[in-house]
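**Student:** Each chain, letter by letter, is given below.
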Amino acid sequence: MPILSMLSLLDYAGVAVFAATGALSASRKQLDIIGYLFFGAVTGIGGGTLRDLILGQAPVFWVRDPTYLVITTAAAIAVFLSANRFESRYRLLLWLDAAGLALFCVMGAEKGLAATGSPLLALVTGILTATFGGILRDLLAGEPSVLLRPEIYISAALTGSALFVLSLAFGAAPWLALLSGALVAFLVRGGALKFGWT
Amino acid sequence: MPILSMLSLLDYAGVAVFAATGALSASRKQLDIIGYLFFGAVTGIGGGTLRDLILGQAPVFWVRDPTYLVITTAAAIAVFLSANRFESRYRLLLWLDAAGLALFCVMGAEKGLAATGSPLLALVTGILTATFGGILRDLLAGEPSVLLRPEIYISAALTGSALFVLSLAFGAAPWLALLSGALVAFLVRGGALKFGWT
Amino acid sequence: MPILSMLSLLDYAGVAVFAATGALSASRKQLDIIGYLFFGAVTGIGGGTLRDLILGQAPVFWVRDPTYLVITTAAAIAVFLSANRFESRYRLLLWLDAAGLALFCVMGAEKGLAATGSPLLALVTGILTATFGGILRDLLAGEPSVLLRPEIYISAALTGSALFVLSLAFGAAPWLALLSGALVAFLVRGGALKFGWT
Numbered sequence: 001m002p003i004l005s006m007l008s009l010l011d012y013a014g015v016a017v018f019a020a021t022g023a024l025s026a027s028r029k030q031l032d033i034i035g036y037l038f039f040g041a042v043t044g045i046g047g048g049t050l051r052d053l054i055l056g057q058a059p060v061f062w063v064r065d066p067t068y069l070v071i072t073t074a075a076a077i078a079v080f081l082s083a084n085r086f087e088s089r090y091r092l093l094l095w096l097d098a099a100g101l102a103l104f105c106v107m108g109a110e111k112g113l114a115a116t117g118s119p120l121l122a123l124v125t126g127i128l129t130a131t132f133g134g135i136l137r138d139l140l141a142g143e144p145s146v147l148l149r150p151e152i153y154i155s156a157a158l159t160g161s162a163l164f165v166l167s168l169a170f171g172a173a174p175w176l177a178l179l180s181g182a183l184v185a186f187l188v189r190g191g192a193l194k195f196g197w198t
Numbered sequence: 199m200p201i202l203s204m205l206s207l208l209d210y211a212g213v214a215v216f217a218a219t220g221a222l223s224a225s226r227k228q229l230d231i232i233g234y235l236f237f238g239a240v241t242g243i244g245g246g247t248l249r250d251l252i253l254g255q256a257p258v259f260w261v262r263d264p265t266y267l268v269i270t271t272a273a274a275i276a277v278f279l280s281a282n283r284f285e286s287r288y289r290l291l292l293w294l295d296a297a298g299l300a301l302f303c304v305m306g307a308e309k310g311l312a313a314t315g316s317p318l319l320a321l322v323t324g325i326l327t328a329t330f331g332g333i334l335r336d337l338l339a340g341e342p343s344v345l346l347r348p349e350i351y352i353s354a355a356l357t358g359s360a361l362f363v364l365s366l367a368f369g370a371a372p373w374l375a376l377l378s379g380a381l382v383a384f385l386v387r388g389g390a391l392k393f394g395w396t
Numbered sequence: 397m398p399i400l401s402m403l404s405l406l407d408y409a410g411v412a413v414f415a416a417t418g419a420l421s422a423s424r425k426q427l428d429i430i431g432y433l434f435f436g437a438v439t440g441i442g443g444g445t446l447r448d449l450i451l452g453q454a455p456v457f458w459v460r461d462p463t464y465l466v467i468t469t470a471a472a473i474a475v476f477l478s479a480n481r482f483e484s485r486y487r488l489l490l491w492l493d494a495a496g497l498a499l500f501c502v503m504g505a506e507k508g509l510a511a512t513g514s515p516l517l518a519l520v521t522g523i524l525t526a527t528f529g530g531i532l533r534d535l536l537a538g539e540p541s542v543l544l545r546p547e548i549y550i551s552a553a554l555t556g557s558a559l560f561v562l563s564l565a566f567g568a569a570p571w572l573a574l575l576s577g578a579l580v581a582f583l584v585r586g587g588a589l590k591f592g593w594t
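Protein chains in written order, with the working numbering: chain W, 1 to 198; chain Z, 199 to 396; chain A, 397 to 594.
Calculated from the structure, these hints are not laboratory results. Treat the numbers as computed from the prediction; the structure is a model and nothing was measured. Any given hint might turn out to be false.
Straight-line Cα separation of at most 30 Å, BS3-like style, residue types lysine-lysine; simulated pairs [claimed, not checked]:
no., chain 1, residue 1, chain 2, residue 2
1, A, LYS590, Z, LYS227
2, W, LYS194, W, LYS29
3, A, LYS425, W, LYS194
A short, non-exhaustive set of chain Z residues, derived as facing chain A with CB atoms under 8 Å [stated by the list, open to error]:
no., residue
4, THR247
5, LEU253
6, VAL258
7, VAL261
8, LEU267
9, PRO342
Simulated restraints on C-beta separations [unchecked claim]:
no., chain 1, residue 1, chain 2, residue 2, range
10, Z, PRO348, W, ARG149, 47 to 55 Å
11, Z, TRP395, W, PRO174, 48 to 56 Å
12, Z, SER316, A, PHE482, 47 to 55 Å
13, W, PHE195, A, SER478, 28 to 36 Å
14, A, LYS590, W, SER88, 46 to 54 Å
15, Z, SER316, W, TRP175, 28 to 36 Å
16, Z, TRP395, W, GLU143, 40 to 48 Å
17, W, SER88, A, ALA470, 39 to 47 Å
18, Z, LEU364, A, PRO540, 42 to 50 Å
19, A, THR594, Z, TYR288, 18 to 26 Å
20, W, LEU176, Z, ALA312, 39 to 47 Å
21, Z, LEU381, W, GLN30, 27 to 35 Å
22, Z, SER316, W, MET6, 48 to 56 Å
23, W, PRO174, A, PHE566, 26 to 34 Å
Glycine included, C-beta positions come from ideal geometry on N, C-alpha and C.
Turn these sequences into a full structure, and let the hints guide you.
**Tutor:** Next comes the structure, spelled out in structure tokens:
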């Protein structure tokens, strides 16, 4: 697969799973369907929006390509139609959030590296893209931030971003660097959720 | 009235009523006069600031035209001098917030449409401009967000923005589209406040 | 000392002390070392980031000069290694926050004045730069905002910014305007902390 298509695909997937966590948050707060759409959009595109603003890339990505809004809308509707089937919506939210974190830490690092050429800034935009959507979601829902839970969270995003940047520096193909960074971030955060790693 | 003057007038009015809700929040928190000014400014110009940043229109509107800061300051002082006369400041806050929401959803949609030409993005900037000032106010004041109240809120902003965009698409004069969108948004949100519509 | 070096020095110092308050917040929440780094960075550079975005100066300052991230990292590590020695970390946080507020209100006003030429906007960017990092820190940590404490807070930032702007207008040398503005802001906020001024 060409690397550009793969980047888009991972990005769309990350937006979809984060949007689903936002919609699950709306579900837990018993909001109406428009509330699902709103929380889905804010959570799905919040991290990338902050990243674009900081890098000076405005108008931001979802203004340039409204496909992203279609994706958050579809994800929010899917959750609206199915959320009541899940026994523990918060548990599901945490696992989807882990998937979104894994996808966004490498995507954010990739965009930061492309824009600035600095590995340090790539780590920062990786972490920021991966965490800010969830931070916004929890702030707006009035829930304790997932940042403050005892298990590993920001460290997983850092690990994934760092592995991506290091793999590239050691000459790995971009697709391999992306996939291995995302996979390791997911394993670290997943281990934290499953085994309570701190 | 020329459409540009009318746009400015509606915009100034929206900033004034949102600034008043911020100042009422400061009053409920027993802040000093500078706290009133701060909460007035953040609430009055917060939504439009986010809109401008996302659309890539920086420096933002109130840096280009400091009249907006004069308006938030005047509204905050007016509340400072009169807030103790109101029996229920929270009730007043909610009604002024409804007026601000109605004015800002059409103004935000108008600016989003002018900047992008996309009706979908116009809905998004309409909702975002109408809600983000109040979200910031509640976050900074440590109050449960008005978003999470059971009655209709975001939907009212969506209705107003959508009516504005549709009216234009069907050839309505801009002033008519603006006024009807704002009026319907206010009626929807006002009905929610008065009759508890959910 | 040339005025540019002095500006950089005050700016770096402000970032360092605000980063330390963020790390203290992470310490109070018993986060891991990565949490210290994250809260240090967000608090140290949050206010200046918002200032740059509003003024249309993107990419923001710490993307242009990553020294700032090195400083927040160093400050966070210093707090990580020493925080358990302090009897009252919250008291220390408040005093460092006062120092950061004093440094940032004049730095923010200086940058706002340089960018816009408007004394009114200089006051606004002064207050915003001085307060927004701490607002973010408290929001993310789920703590009551320092804004809402009864003692003088925003007023101290306003006093410092105003003294800086007025001193310049009356022909004072820039270094004198910077130092006197920062000193008076610190004295006002320090008096509020020490004697409970409201």
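**Student:** Give a verdict on every hint.
**Tutor:** Comparing the hints with the structure gives:
no.: 1; hint: A:LYS590 / Z:LYS227; result: holds (22 Å)
no.: 2; hint: W:LYS194 / W:LYS29; result: holds (25 Å)
no.: 3; hint: A:LYS425 / W:LYS194; result: holds (22 Å)
no.: 4; hint: THR247; result: holds (7 Å)
no.: 5; hint: LEU253; result: violated (12 Å)
no.: 6; hint: VAL258; result: holds (5 Å)
no.: 7; hint: VAL261; result: holds (6 Å)
no.: 8; hint: LEU267; result: holds (6 Å)
no.: 9; hint: PRO342; result: violated (14 Å)
no.: 10; hint: Z:PRO348 / W:ARG149: 47 to 55 Å; result: violated (28 Å)
no.: 11; hint: Z:TRP395 / W:PRO174: 48 to 56 Å; result: holds (51 Å)
no.: 12; hint: Z:SER316 / A:PHE482: 47 to 55 Å; result: holds (53 Å)
no.: 13; hint: W:PHE195 / A:SER478: 28 to 36 Å; result: holds (31 Å)
no.: 14; hint: A:LYS590 / W:SER88: 46 to 54 Å; result: holds (49 Å)
no.: 15; hint: Z:SER316 / W:TRP175: 28 to 36 Å; result: holds (32 Å)
no.: 16; hint: Z:TRP395 / W:GLU143: 40 to 48 Å; result: violated (26 Å)
no.: 17; hint: W:SER88 / A:ALA470: 39 to 47 Å; result: holds (42 Å)
no.: 18; hint: Z:LEU364 / A:PRO540: 42 to 50 Å; result: holds (44 Å)
no.: 19; hint: A:THR594 / Z:TYR288: 18 to 26 Å; result: holds (23 Å)
no.: 20; hint: W:LEU176 / Z:ALA312: 39 to 47 Å; result: holds (44 Å)
no.: 21; hint: Z:LEU381 / W:GLN30: 27 to 35 Å; result: holds (29 Å)
no.: 22; hint: Z:SER316 / W:MET6: 48 to 56 Å; result: violated (27 Å)
no.: 23; hint: W:PRO174 / A:PHE566: 26 to 34 Å; result: violated (58 Å)
Figure legend: structure checked against the earlier numbered hints; hints not met, in rising order: 5, 9, 10, 16, 22 and 23.
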